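Peer 1: Since the structure of chain A is already known, use the hints to place chain B on it.
Spelled out, the chains give:
There are 2 protein chains.
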Amino acid sequence: MTEQPRQLTLNAFIYPTGHHEASWRHPGSTPERLYDVTYYQDIGRTAEAAKLDAVFLADGPALRTDVRHNATYSFEPITLLTAIASVTTHLGLIATASTTYYEPYNLARLFSSLDHISGGRAGWNIVTTGTDKAAGNFGLDVHPDHATRYERAREFVDAVVKLWDSWEDDALVIDKERGIYADTRKIHPINFEGKHLKVAGPFGAARSPQGHPVLVQAGSSNDGRDFAGRYAEAIFTAHQRLSDAQAFYADIKKRAAEFGRNPDHVKVLPGISPFIGDTEAEAHALEREFNELTVVEYGLTQLENITQVSLRHLRLDEPVPLDVFGDAGTVTDNTASRKQVVANIVERDRPTLRGLLHRLAGARGHRVFAGTAEQVADTIEEWFTKGGADGFNVMPPQYPQGLEAFTAQVVPILQQRGLFRTEYTGRTLRDHFGLPRPVSQFATVSI
Amino acid sequence: MTEQPRQLTLNAFIYPTGHHEASWRHPGSTPERLYDVTYYQDIGRTAEAAKLDAVFLADGPALRTDVRHNATYSFEPITLLTAIASVTTHLGLIATASTTYYEPYNLARLFSSLDHISGGRAGWNIVTTGTDKAAGNFGLDVHPDHATRYERAREFVDAVVKLWDSWEDDALVIDKERGIYADTRKIHPINFEGKHLKVAGPFGAARSPQGHPVLVQAGSSNDGRDFAGRYAEAIFTAHQRLSDAQAFYADIKKRAAEFGRNPDHVKVLPGISPFIGDTEAEAHALEREFNELTVVEYGLTQLENITQVSLRHLRLDEPVPLDVFGDAGTVTDNTASRKQVVANIVERDRPTLRGLLHRLAGARGHRVFAGTAEQVADTIEEWFTKGGADGFNVMPPQYPQGLEAFTAQVVPILQQRGLFRTEYTGRTLRDHFGLPRPVSQFATVSI
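Chains as they are written, first to last, in the numbering used here: chain A, 298 to 744; chain B, 298 to 744.
Keep in mind that the hints were calculated from the coordinates and are not lab data.
For clarity, every value in this text was computed on a predicted model and none was experimentally measured.
Heads up, a few of these hints could be off.
Treat identical chains as interchangeable: a pair holds within one or across any two.
[Stated by the list, open to error] Calculated pairs, DSS-like style, for lysine-lysine (alpha carbon to alpha carbon, straight line, at most 30 Å):
(1) K430 <-> K495
(2) K430 <-> K473
(3) K492 <-> K430
(4) K683 <-> K550
(5) K551 <-> K492
(6) K683 <-> K551
Okay, chain A solo, but in the shape it has when bound (with noise of 0.2 Å):
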């Protein structure tokens, strides 16, 4: 095992005070911090010195459900990953950002900056937004619907990679001599049109480090897995069980194939948020002391937001009704996919409300691990080596120390197995990612 070549693709995702909901209310968090920059460029600085791959924010352009009862912040990602930056040099830099709410020349524009910034090291989780208190902030009576959100973000991905494209990367001469700062022979027009979107170009910006940010990608409805399929260099996902992991992994890399992509190049990066105790009671115990801090007033309005169902009517400690969340599998809304990931659990473990609010309490429905260090760099194996994940996206219950504890105890472990750098190889986020940095398909051969 320590011979595999293969390695693992490592990410931070970054949320408040952590990714379990009640993270803040416990005696260790500082929520006081969560608009203190400082507090992300020490999470950063931690994900470097580990040799993570990259941090990664969520992100929606609308005020949070429910703010009463948890801590958000609401850094712009791009900003903040910006002020990350500056204060790493290889860790890679994802940030999410919705092709429904933004414009793609501002979008192109803040991506390539972050990429020119950092020295090659952005990506860009595309979504569609599945909230509808968005649209309210953007002049809309309604949220567009699935189908057209993803009818839009193709033509807005087509659009910005061709912004990115539009100056070759030889378009830059400066010749002071000659007095030609520029070869306008190299920089393109994109005229795109759409349905939805028209954009001229070309961009206003050189071409950057990695050609362009690595596309990521998080849907796992079937217009999300198409979208990814066709588009996603990096695809974030959330399995419970890794029989449902495997037929995911399977199901993105033949979509890539039938694009005519190269399956390798689409990395499967299921979420994990490991509670980690130096034995595995231990482990437990740190769990439960997070979901007794849980607030219950918060994880129903959040399970309804989710599933779209009442549950006002149910006791919180008898079993979840079979039939509550009907039949999840036939929802076509953008609420489906996590919907049916909640329906599953109802279904094989049959909780009572207060448990699947616990389950639920730790990362939203993210699969949650308690065990030692070597119980959770064993499950990574087992899902890296089983067909199940090229990596993860690691999201912590607790910031900073839920991450301390995985870079220091369970990162070196993955490393003695040869399953994690324990250097940094290249610069670039595609570097780590062992991504290919593409050819502008503007490209002219010079004669």
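Peer 2: Just chain B, lined up with the frame of chain A:
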């Protein structure tokens, strides 16, 4: 004079290799560093070491005209300022952004984030975008007209300030014991509805250190001045002569008063591009050295863009005919103010076409001044004490050398005369500008 308590405002207007259009061709310039973030971070450090109020970045969401003959960068300005924020502690950070080509919610987030990250140092230079090249990048066939742009700009600023105000300053409770993170009674929807924009709110983040970023404005048309009088806390403007600057200054202060504002809370800041020499002759020689590096084709294109007048029939070394720019004073389109500056130069000084191109090469119509450090300090003091300016937007012809000369030679003279701080007395840009922290328009009195 040394007892004068009123203090100058001095910003460094960052521009690729300098404000002189041929600066990139100068042997001392490093256009190859324009995509290297440390180049700008070093400029920020220089500005902060001299206790300048702020750095300032221009912007437009389109490729600049004629990149063949001129060095450009197009870092997105808010990300670039975030990178500068990371290596400075007091320096103000002012970014230009367009109300025509942004969504208010997205732009509000970017500036709020910069204000949080920098600890209260953000400023927004509000522009409506004067180039119709941008329209095609945003799906429009034609650039909206001047009046429509300003109508949208007023709505845009109203909506954005409401978003910034929507969390009262004491909305964050962070009571771990009771499980209450925020007091949602102090987080307000804004329900903004205008002719062009509709924004529901509330905002996704807590109110930022300055209450909101400093509002800056740069338009000199009648609409622009009206807008400035109503909203701007600082105004960048271009004047060649003290008498013009005085008239503008008086007009702006009067308009601010008419809107019920304190005229002292609107800083009027003309641009000045100083060539500094040990002797006056050396300073003029330096200016000539740069002018001789200009590319005629580039200057002509720029002048045609500014004035919307074809000039190809004119001879380079003959005087520009008086009527070539028509009656600029009556022009009402978006090029009016800069066209008028050009027409005034022609009328007053009767330059040859080459001479006019050289005049404009220095700082695109802003005032170029060649002299000793003492003479630069003298003219700054004269405009400041005679009602022409509250300070200056310093536009070094060459970066970083021109800024270094200004901070090393001119700033100490102004400090000796008691006109400029020797230490920062506050931490925020509002502190430096002497502006009050605005109260949230949603603020309620606690019972």
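Peer 1: A separate judgement is required for each hint: does it hold in the structure or not?
Peer 2: Going down the list of hints, with the structure as the test:
1. K430 <-> K495: Intra 26 Å, inter 14 Å, cutoff 30 Å: intra and inter.
2. K430 <-> K473: The answer is between: 27 Å across copies meets 30 Å, while 52 Å in one copy does not.
3. K492 <-> K430: Both. Shortest intra-copy (24 Å) and inter-copy (21 Å) distances satisfy the 30 Å Cα cut-off.
4. K683 <-> K550: Intra 14 Å, inter 72 Å, cutoff 30 Å: intra-copy only.
5. K551 <-> K492: For K551 and K492, the Cα distance is within 30 Å only inside one copy (28 Å; across copies 49 Å).
6. K683 <-> K551: within (16 Å within a copy, 74 Å between copies)
Every hint, counting from the list given before, is met by this structure.
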